[in-house]
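Student: Between the sequences and the hints, there should be enough to build the whole structure, so can you do that?
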Amino acid sequence: MSALIAGSAIRTCFGDGAATFQGLLQSASGVGELRHADAAKVNVSHGYHIREVGDETLFRASRWLAECASEAMAQSGVDAQRQRVVAIVGTGLRELRAVERSALEPLAVSVERLHFAHAVHQACPHIREVVTISNACSAGGHAMALAQDLIELGEADAVLVAATDTMTESMLAMIGRFAEVPTDQVRPFDAKRTGVLLGEGAAAFILVPEGWPCRPLARLLSTGLSCDASHETVLDPEGIRRAIDDAFTRAGRTPAQVDLVIAHGTGTAINDPVEATLIRQVLACGRAGPLITAIKGAIGHTSGGAALAALDVAQRCLATGQVPAIVGLREPLQEGKGLRFVIGEPVKAPIRLAHIQAFGFGGVNAITLLEKAA
Amino acid sequence: MTGLVVTGGGALCARGIGFAPIAAAIARAGVAEGHPSSDSREPSTEPFPSGGGHPLADFDARRLLGRKGTAFLDRRSALALVASGQALQDSGLSIDETNANRVGVTLGTTWGSLKSMSDYTRESLLADRPYLVTPANFPNTVMNCAAGQTAIRYGLKGVNATIAGGALAFLQVLAYVANALRCGHADAMLAGAVEECTAHMAWAVHRMEPHGRIDAGEGAAVFVVERSEDARGSGRHIDLELKSVTTSFSPAAGRSGRLSGALADCIRRGLAKSDVRAEQVSFAVTSQSGEDDRDRIETEALSMVFGNAQPERLLIKKIMGECLAATGGLQLAGLLVLHRRDPSRDGRISLFTGWTADGGVGAAIVRGWSRVSSDSG
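Read top to bottom, the protein sequences are chains A and B.
Count the first sequence with the numbering used here and you get residues 1162 to 1535, in order.
Count the second sequence with the numbering used here and you get residues 6 to 382, in order.
Derived by calculation from the structure, the hints in this document are not laboratory data.
Distance windows between CB atoms, simulated:
1. G71(B) - T1410(A): 30 to 40 Å
2. A277(B) - H1287(A): 18 to 28 Å
3. D1240(A) - R301(B): 30 to 40 Å
4. R273(B) - Q1187(A): 51 to 61 Å
5. S1263(A) - E102(B): 47 to 57 Å
6. A1179(A) - D280(B): 42 to 52 Å
7. A1510(A) - D280(B): 49 to 59 Å
8. E234(B) - P1511(A): 42 to 52 Å
Covered stretches of chain B (chain A as the covering partner; in silico rule of three or more C-beta atoms under 8 Å from a C-beta of chain A):
9. 146-154
10. 161-173
For clarity, every value in this text was computed on a predicted model and none was experimentally measured.
No residue lacks a Cβ here, since even glycine has one placed at the ideal position from N, Cα and C.
Tutor: Given below as structure tokens:
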């Protein structure tokens, strides 16, 4: 059963949702020199940081989460005092950065603040429950799926679906281990792509049942879920295909109806060819297929927040009929030849159905279908 | 009413592997006596806090799981794999190409593997050439690693999720699994919680609860949950019926020490949802240790709900130690064990409860049956 999106807020290196979409339409890259970590030590020189003056403060992931939650709640008009609202937060690393900092500096970090219940409750004092789903880089998609279930089962009147992640030095070191030379730009689906970079970001959506008195931003049709059950870190096309099939079955739509794909597109040597091949086989089905964009070239890989950042961009594409180009993509990789990647300039096109892909460590896949509200 | 049932389970804790040691410990109802044992593959160089901890002694992942796929496995994932394998076997649910896509896993945790995370982070931050970290160890630092490993080992290709909810995580896992089954994401789910007892975890428990007198334990408990009609159709034995799972969050009550009222409300709502009267509840498995000031939260809540007609009570932490997220799973394992060999309890209704210091409360209402004809357990 579909549900409506009544509010949406994100934070990225460009700022809020409107600023992020504007940046994307201008094909801007939010990449900059890596902050808050020793670039030489972790072998990562660049990142997509949320712009803040001064030194790195503690609990940034929680703060962005709270800002997005307040903003999305206000936009939705949902009143958590009168309505049963529960929060689902997706994350990869939660507040691990605060733990790293407290290991290196004499900082007092209270255990309670390592969890998000505190931050969500500060932003939305009457929230009934805060559940944290820790599903790596598809956490936001999994949170959205659970939210839709809670609405369908009547377990909540409205659901705050959120996600947030910042960078940790340990994750940077892992990324640095895979690059001989540190990359300076994520180039999704580019023939000469040079690997992934992290972004910082958070997002919050308010999901309500069909018929709710609001001006919906978009209609959430379904999220298909699957697990590869094959490898912790290597994509499995068969596993992703099952999540795609699940999403279309639940939504009662077919791949041929998709106008826009927002790909996971991490710009890595191994993942992008798998994803491009899959889009060709499953969504293009022998024709030119839907428009394809990806946002990590502009805002980096925002980990647990990645799926929801893509959803915010998708709802703006549905609303405006504008699709931003894939920042960093110049010449598509061999496996993507003939696919309709948006390159260089944004494209204007009527978009009714958007398909958003998110894959995470652990082989967890979430495919979300979003439709124009009216 | 969830319409969901448990058709098998697996558990490990300081008392040993499987249900038999838990049954024996419940029978004696003694306090866990364990000494910090080292990870057999990688001896612990870090000392435990003064009180020690209650790890499962001589836990040997490679002996139990074989060499294949275990080279980079951390203790937490290994515990989850052993319990999950037992649960599948106990239930008789076999995974093959006809059902693999429709069976998933959801595991509860507090913070993943604190040891894996801190070892990897330390390597990143302090080694001479930090970028030479071992990438194969990175997945262990991600909180959903154990769920991913479980899916890989047993070929479970359905919904896979990890809920980081601390002491309430297992109740949240049951709620998640109920949603997944009711909304058709899967036909059967492994629902569990796991927590390892390493020096890191023992120190975290010690530092978080400086006044608590309960030391860290460890454990994993995993259950096969499916729709009642599917279980009956397949002929699998029904151990437990999940009548309701209720959780809520009242940070103000947490701060002011009035959590018992919030928990009592939660239990009452669970009873109403289950269409069960308080006097029908014959057993309560709490997260109490029997030697902690904070035990009063559940004592008071039970008193508010049941008055003078208190259900019999099992204090799970008294037997297992402080197992954080795994405590909830071990509570359900305790219930399953109580029923398994005792037909006189057939059809009786039990309650299990949990809470977190920041204001989370939860309760599940469960009905159980014995398996006297079977030698398992």
